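Trainee: Sequence:
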Amino acid sequence: MADARPVVEFAGLPTQRLILQHLDPAARAALTSPLLPLLDNDATLVLLRSLRVFLSENSSWEAASSQLGIHRHTLRQRMARVEELTGLSVSVTEDRVIAWLALQALQLGDAQ
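In this note's numbering, the protein residues as written are 1 to 112.
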C-alpha cells in the first residue's frame with residue numbers, strides 16, 4: 001500500500017496545544033482567570049506549581065508529594081489553599097479539567 005499513512009498515537013498529537021493556540025485573547029483570559037489568584041506572589045506561585053504537579057501525577061497525593069519533595073499532608077494543605085483561592089475543587093473532575101486547561105494556557109502564553 002503506497003498510500004498507507006503511518007500510525008500515530010493520540011498522545012503524540014498536539015490536539016490540546018492546537019486548540020489553545022487558536023483561542024483569541026479574550027477566550028484565553030477567561031480560561032486562565034480561575035488561576036489568577038495563584039499568580040500574585042512567590043507564595044502563591046508555589047501553590048500553582050503544586051497544582052501543576054498534582055494534576056500531572058493524575059491527582060495522586062503520594063506521587064505528587066514525592067515529586068515535590070514534601071509530605072502528603074503539606075500537599076493537602078496546599079491544595080486546600082488552591083481551592084480556597086480559585087473556587088475550584090481538586091476532588092471534582094470538571095474542576096481538575098478547568099485547572100489543567102488553564103495551566104496549559106498559561107504555559108502556552110509564557111512560551112509565546
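Among the hints, erroneous ones may be present.
With beta-carbon atoms standing in for the labels, derived distance ranges [to be verified]:
1) E62 <-> E83: 18 to 26 Å
2) G87 <-> V7: 38 to 46 Å
3) T74 <-> I19: 32 to 40 Å
4) A4 <-> L39: 45 to 53 Å
5) L39 <-> V7: 39 to 47 Å
6) E83 <-> P6: 37 to 45 Å
7) V97 <-> R49: 17 to 25 Å
8) R5 <-> G87: 43 to 51 Å
9) G69 <-> A27: 29 to 37 Å
10) V7 <-> R76: 40 to 48 Å
11) D42 <-> Q107: 46 to 54 Å
12) G69 <-> R5: 39 to 47 Å
13) Q107 <-> H71: 22 to 30 Å
Note that these hints are calculated values from the structure, not bench results.
In this text, all values refer to a predicted model and were calculated from it rather than measured experimentally.
For glycine and all other residues, C-beta sits at the position ideal for the given N, C-alpha and C.
Trainee: If a hint holds in the structure, say so; if it does not, say that too.
Mentor: Status of the hints after comparison with the structure:
At roughly 19 Å, the beta-carbon separation of E62 and E83 lies within the given 18 to 26 Å, and the hint holds. At about 42 Å, the CB distance of G87 to V7 agrees with the hint of 38 to 46 Å. Between T74 and I19 the beta carbons are some 34 Å apart, a value that agrees with the proposed interval 32 to 40 Å. As the Cβ distance of A4 to L39 is approximately 47 Å, the hint placing it in 45 to 53 Å holds.
At roughly 40 Å, the beta-carbon separation of L39 and V7 lies within the given 39 to 47 Å, and the hint holds. Our hint of 37 to 45 Å for E83 and P6 holds, since their Cβ atoms are close to 43 Å apart. In this structure the supplied range 17 to 25 Å holds for V97 paired with R49, their Cβ-Cβ distance being about 19 Å. The given range of 43 to 51 Å is respected by R5 and G87, whose C-beta atoms sit roughly 44 Å from each other.
A hinted range of 29 to 37 Å holds for the C-beta pair G69 and A27, which are about 36 Å apart. The supplied range of 40 to 48 Å is met by V7 and R76, whose beta-carbon atoms lie about 41 Å from each other. At about 18 Å, the beta-carbon gap between D42 and Q107 misses the expected band of 46 to 54 Å. Hint check: G69 to R5, Cβ distance near 44 Å, so the stated range 39 to 47 Å holds.
Under the hint 22 to 30 Å, the C-beta atoms of Q107 and H71, about 27 Å apart, fit the expected range.
Checked against the numbered hints above, the structure breaks only hint 11 and satisfies the rest.
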